[in-house]
Amino acid sequence: MTDTATDPLQAGFDTTIGHGDRIEPRDWMPDGYRRTLVRQIAQHAHSEIIGMQPEGAWIGRAPSLRRKAILLAKVQDEAGHGLYLYSACETLGVSRGELTEKLISGAQKYSSIFNYPTLSYADVGTIGWLVDGAAICNQVPLCRTSFGPYGRAMIRICKEESFHQRQGYELLMTMMRGTEAQRAMVQESVNRFWWPALMMFGPPDDESPNSAQSMAWGIKRNSNDDLRQRFVDMSVPQAQALGVTFPDPELRWNAERGHHDFGQPDWDEFMQVVKGNGPCNTQRIAHRRKAHEEGAWVREAATAYAAKQAAAAHGQEGAA
Amino acid sequence: MSEVRAEWPLYEVFVRGKRGLNHVHVGSLHAADDDMALRHARDVYTRRNEGVSIWVVQSKDIAASSPDEKDPMFAPSNDKVYRHPTFYEIPDNVPHM
Chain A
-2 MTDTATDPLQ AGFDTTIGHG DRIEPRDWMP DGYRRTLVRQ IAQHAHSEII
48 GMQPEGAWIG RAPSLRRKAI LLAKVQDEAG HGLYLYSACE TLGVSRGELT
98 EKLISGAQKY SSIFNYPTLS YADVGTIGWL VDGAAICNQV PLCRTSFGPY
148 GRAMIRICKE ESFHQRQGYE LLMTMMRGTE AQRAMVQESV NRFWWPALMM
198 FGPPDDESPN SAQSMAWGIK RNSNDDLRQR FVDMSVPQAQ ALGVTFPDPE
248 LRWNAERGHH DFGQPDWDEF MQVVKGNGPC NTQRIAHRRK AHEEGAWVRE
298 AATAYAAKQA AAAHGQEGAA
Chain B
17 MSEVRAEWPL YEVFVRGKRG LNHVHVGSLH AADDDMALRH ARDVYTRRNE
67 GVSIWVVQSK DIAASSPDEK DPMFAPSNDK VYRHPTFYEI PDNVPHM
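Heads up: the protein sequence lines correspond to chains A and B, in order. Quick note on our numbering: the first sequence kicks off at -2 and runs consecutively. Quick note on our numbering: the second sequence kicks off at 17 and runs consecutively.
Under the rule of at most 25 Å between Cα atoms (straight-line distance), these lysine-lysine pairs were calculated in the PhoX-like manner:
1) A:272 <-> A:287
2) A:106 <-> A:287
3) A:156 <-> A:65
4) A:305 <-> B:76
5) A:106 <-> A:272
6) B:34 <-> A:156
Here are a few chain B residues that face chain A, going by a calculated C-beta distance under 8 Å:
7) 24
8) 43
9) 44
10) 45
11) 46
12) 52
13) 63
14) 80
15) 82
16) 83
If you're looking for bench data, these hints aren't it; they were derived computationally from the structure. Backbone N, C-alpha and C define an ideal beta-carbon position, used for all residues, glycine too.
This is chain A alone, in the form it adopts within the complex (with noise of 0.2 Å):
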């Protein structure tokens, strides 16, 4: 730790975080605040790129053109959340193309969650309801994040998160109303995304080494179980009102505690998907590097015709 007393910078800096204020780009910070904000940043960007897959391998496949229109619009938008946050992380000095880099080389991560395959269109309903309903109670406490950029990110991310989670509860509620089968469906996928999605929390706050320094920084506001045990307690009443049930023998309503109990994901699992050998980790990266290694004659010949362009602009002035 440096010595505040004698670091007027780390003075500056703890004043600042101490009074609840932003820290802003050009602020003096912490080598190790700059390290954990462009990992989490850059791993939620990732996320937000990555998590356009599962949901777009549906497009083709809606079935109505109203759902597709839905569905094309949502997944747009988490291009867009992509880009907000990769916008944030470049404010703290790193390229876009070493974090486009860093995503399909491994180096960096990002949510466990988007390496479950969508196995049917119920899934994209459920990930609306359960994956961006875990998301918004992650990322509702980020809007008040120490770093400026990323809490602004936040904010529009989460204004339209909203519309996310409501499309896929109202898509399983159509569903509901359907057929035996399309009910059955329904449940299927529930069963499939609830663990993954508890799992989105991180591990448990014991388990979590970075979680105290982080909050001290004020990068996090709620700890780990925290925000999963809040999630919980919002997703109950909502299964009850759609009719489906959580594959969770010891969840149940603990009137001491004023919460529900519940069982805990495998965390064996868990570290297994993170490590890389979860169902589709492979076939995400390997999309994402084509996706980018065939994008790139579009960037360059971008970059040409702007060259040329800038060039004719500067000899007709010169000519003038």
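Please build the complex by placing chain B on the supplied structure of chain A, with the hints as guidance.
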């Protein structure tokens, strides 16, 4: 080939939310030229009627004050209390002032 591998320049994006408001900085993006920057800004920052006008400017063209200099930079406005209306004592019985 390092020239074509180079990234598109970074642009800062400013959006006027509605008539009567200032353009406000909303974020940044990469684009090959000004036209593309405007198109990208529309798609990234105004998908839900967030604006009626967009400005884009290359980030390298923005001059900014340094946060380290903030004391000397803004000191001249601190010691001129007479620039604020509350500096002047006006009796309570004087209306509309």
